[in-house]
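Here's the letter readout for the chains.
Protein chains: 2
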Amino acid sequence: MSVRKGVNQIRQALKSRSWDTITQVLKELHPTDQAELIKELTPSERRQVLSHLSYEQLAEIVAELHYDDQRDVLRELGRDKIPGVLDEMSSDDVVDLLRELETEQAQELLGLMGTEEAQDVRELLVYPEQTAGALMTTEYVALPHRLSAGETIDALRIISPDAEMIYYVYVIDERERLVGVVSLRDLIVAKPTMPLQEIMRKKVISVPASMDQEEVAKLLDKYDFLALPVVDEEDRLLGIVTVDDVMDVITEEATEDFIKMAAIHGMEDLALSPKEAAFHRLPWLLFLLLAGFLTGGIITRFEDTLQSALALAAFIPIIADMAGNTGTQALAVVVRSMALKRFVGKEVLELLRQEASIGLIVGTVCGILVAFLAVLWHGNPFLGFVVGVSMWVTLIVSTMIGALMPVLFNALGVDPAVASGPFITTVNDIVGLGIYFTLATKFLAYLA
Amino acid sequence: MSVRKGVNQIRQALKSRSWDTITQVLKELHPTDQAELIKELTPSERRQVLSHLSYEQLAEIVAELHYDDQRDVLRELGRDKIPGVLDEMSSDDVVDLLRELETEQAQELLGLMGTEEAQDVRELLVYPEQTAGALMTTEYVALPHRLSAGETIDALRIISPDAEMIYYVYVIDERERLVGVVSLRDLIVAKPTMPLQEIMRKKVISVPASMDQEEVAKLLDKYDFLALPVVDEEDRLLGIVTVDDVMDVITEEATEDFIKMAAIHGMEDLALSPKEAAFHRLPWLLFLLLAGFLTGGIITRFEDTLQSALALAAFIPIIADMAGNTGTQALAVVVRSMALKRFVGKEVLELLRQEASIGLIVGTVCGILVAFLAVLWHGNPFLGFVVGVSMWVTLIVSTMIGALMPVLFNALGVDPAVASGPFITTVNDIVGLGIYFTLATKFLAYLA
Chain B
0 MSVRKGVNQI
10 RQALKSRSWD
20 TITQVLKELH
30 PTDQAELIKE
40 LTPSERRQVL
50 SHLSYEQLAE
60 IVAELHYDDQ
70 RDVLRELGRD
80 KIPGVLDEMS
90 SDDVVDLLRE
100 LETEQAQELL
110 GLMGTEEAQD
120 VRELLVYPEQ
130 TAGALMTTEY
140 VALPHRLSAG
150 ETIDALRIIS
160 PDAEMIYYVY
170 VIDERERLVG
180 VVSLRDLIVA
190 KPTMPLQEIM
200 RKKVISVPAS
210 MDQEEVAKLL
220 DKYDFLALPV
230 VDEEDRLLGI
240 VTVDDVMDVI
250 TEEATEDFIK
260 MAAIHGMEDL
270 ALSPKEAAFH
280 RLPWLLFLLL
290 AGFLTGGIIT
300 RFEDTLQSAL
310 ALAAFIPIIA
320 DMAGNTGTQA
330 LAVVVRSMAL
340 KRFVGKEVLE
350 LLRQEASIGL
360 IVGTVCGILV
370 AFLAVLWHGN
380 PFLGFVVGVS
390 MWVTLIVSTM
400 IGALMPVLFN
410 ALGVDPAVAS
420 GPFITTVNDI
430 VGLGIYFTLA
440 TKFLAYLA
Chain G
0 MSVRKGVNQI
10 RQALKSRSWD
20 TITQVLKELH
30 PTDQAELIKE
40 LTPSERRQVL
50 SHLSYEQLAE
60 IVAELHYDDQ
70 RDVLRELGRD
80 KIPGVLDEMS
90 SDDVVDLLRE
100 LETEQAQELL
110 GLMGTEEAQD
120 VRELLVYPEQ
130 TAGALMTTEY
140 VALPHRLSAG
150 ETIDALRIIS
160 PDAEMIYYVY
170 VIDERERLVG
180 VVSLRDLIVA
190 KPTMPLQEIM
200 RKKVISVPAS
210 MDQEEVAKLL
220 DKYDFLALPV
230 VDEEDRLLGI
240 VTVDDVMDVI
250 TEEATEDFIK
260 MAAIHGMEDL
270 ALSPKEAAFH
280 RLPWLLFLLL
290 AGFLTGGIIT
300 RFEDTLQSAL
310 ALAAFIPIIA
320 DMAGNTGTQA
330 LAVVVRSMAL
340 KRFVGKEVLE
350 LLRQEASIGL
360 IVGTVCGILV
370 AFLAVLWHGN
380 PFLGFVVGVS
390 MWVTLIVSTM
400 IGALMPVLFN
410 ALGVDPAVAS
420 GPFITTVNDI
430 VGLGIYFTLA
440 TKFLAYLA
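Protein chains in written order, with numbering that gives the first Met the number 0: chain B, 0 to 447; chain G, 0 to 447.
Keep in mind that a hint or two might mislead.
What the hints assert, rightly or not - One side of the interface only, derived from the structure: several residues of chain B facing chain G at Cβ under 7 Å:
id	residue
1	I152
2	K202
3	D220
4	I258
Read the hints as simulated data drawn from the structure, not as lab findings.
The C-beta atom is built at its ideal place from N, Cα and C for all residues, glycine as well.
Sequences are here, hints too, so could you generate the full structure?
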């Protein structure tokens, strides 16, 4: 059933006050779709529907909502129902919600929750954002190593409703240290009497709570796990990071890199006010504006040359743009290779040789073309020569700069994606126009 | 144990010819790490190690290798062992390998495989790349709806070694149509005598084999599934797409978008020859070079204005770059919002209003700053006025163009990421310089 159809059926059911139909309609939908359906309803319809759902159903729906909608729904539910819903949600989902709220509101909600659940959430809130600790859930399955396969499956039957993931059972010793992991797959294949310590894999790949979420995502992706355990210094289990959270991280990090390439501070969407969005864009723009005066300065320095051969002016944007374009291309390849860990910044010489060769090919092709077109346009072969050679040298140099810049940023401990397209464009404009006007001045006698 | 340490231990073991130690060392490593270790060995070391491994172990290692290394390893194994290895690999991994080979080589390998396994692979090879069909594996678990929970678990024990994923059991009717899905979690919680049709979820979300892999990834991510079933027109199960393959797709698609923004055709790495890499970069560069002549044409058209007030030249790159930068920013936000399905291209008017407001703020700030700096630099308040107002108008317009371009491309059925940074830069250069010189010509009397 589609969400659209569900909305219509719910509206019908509300008119005839048939609550059973409403429960039935929702049951046929995945929680993600239930959340979408809830968003489609009017506030008054929503209030009626929500008031007839169980805490468990409400928790599933709230967990799927965007935080703006979470806030609205919780407000509609009111203080009586909020604790029941929050207690049913998994701890990492509650943490995600609380992080978006003002400290006071978050504290208030925590106060409403059950003592134990609130404690779990408080412990998770301690970890800085974008780390394994902030990403993990505490609803994992950890069982003692002396249990047999059969006993473990029996235990899973009981634990299941409270665990986010039961396909991996983490095995702990008497001192609660993580000593192994058993998949549910291994468990059902094993003889029921076999103890966990004989079935489990002993070399568990685990991560510290402080690990950056991007590293966690790469590790989980590399090994194709469904979850990764997070441990403290003494190898005690703190939580697990599950594959669905990691998928969100991969998307988020790709967005971050993409947006940085366009010189923006943080992703925006239509929900942001224009002032907030402008605030994301202005810092880099102001920097680039000031840097632009350096490019302008190059032209002013060669004003006499320009005065004598005004035809040169038409090629200013052509040289500058092509320098920026080739630089951006090289930069993007290196930045993305770094993000994918295909290039770690060690083979700098090899990289420079590669980019110099690429620049040579690209520069030769574009240089010949632009020289040819310049002669056709202005009928002056010397102008064609100056423009063509400038383009040739500029593209070789700007390709190498584009490739080197992220390596340099990386070595300085700055995120290479910050050496964005617009930044490299400005740097290469200066280089390109410098080469162009220097050459033009040398051949000025033939151009004027 | 680290891969590094493993390599050393294997080298020791090879010297003393203690094959048990080698098996032991490998067993302690995850297949991903085993593959890394194998790559570290010299060809002769590798040959010795590989010759002592079982088909199952070899299959696990080969599946984890990059296809260049896969080819090397298979060559070293020789025709005798290849069939055994390929038959043990999952069908989607064999398909990935074959797709990278020449048709003849692929046919040869298929001929070596077992009849049934080769048939599975042949069926998968039919699906075009980047579709659900190409991504799926045929090693899923499908069982008849009359089976009980207990019988299903018994069946899983037998099927397990041949299935890629046993956490979801797909339920089929007499005519092999997909009628439900049961998770292993539901199975172990259910009463053993309960028939599958009473435990299963009946509304199964499935996809057609022709669905684009990006859509499949979004769906799986949206619902937080571990796998999605792929069905034909009659709802018969063809295969499943698992979460680990989808993670690779998300990374791949993010890379594609990122690289397109820099006007490159396809991702490169250092393994590519400079000629091949240049081939990825040249098509757009040549297009942009030709487009650059339009920008040059604007300047030539206003040559008289420039001749009378040469100070105007210094602001050519500043106006052009800022038009490009603001356009790129707006474009990146819209492209990424589209990729994340946060913006689907319907709310165009709202988007335009939003970007116009952002452009107004950004344009006002940058316009005032550039006017102030122009007066400081050249001491001519009229120049400051012309530059400032041009910047103001240009940034408002170029922000709106940057936001509109991907919407327009999308409506035309072209990938919005193709309206890349360099492309929007060229368009906005023309617009910006047109505004600048038109205004300058109007006030020429005060500038000269």
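Interface hint for B/K202, Cβ within 7 Å of any Cβ on chain G: With a minimum Cβ separation of about 6 Å from chain G (threshold 7 Å), the hint on B/K202 holds.
Chain G contact restraint for B/D220 - C-beta distance below 7 Å: Hint holds; B/D220 Cβ to chain G Cβ min 5 Å, cut 7 Å.
Residue hint B/I258, partner chain G, criterion CB-CB below 7 Å: Constraint on B/I258 satisfied, holds at 6 Å.
Restraint satisfaction for B/I152 [CB to CB of chain G, less than 7 Å]: 6 Å, holds
In this structure, none of the earlier numbered hints is contradicted; all agree with it.
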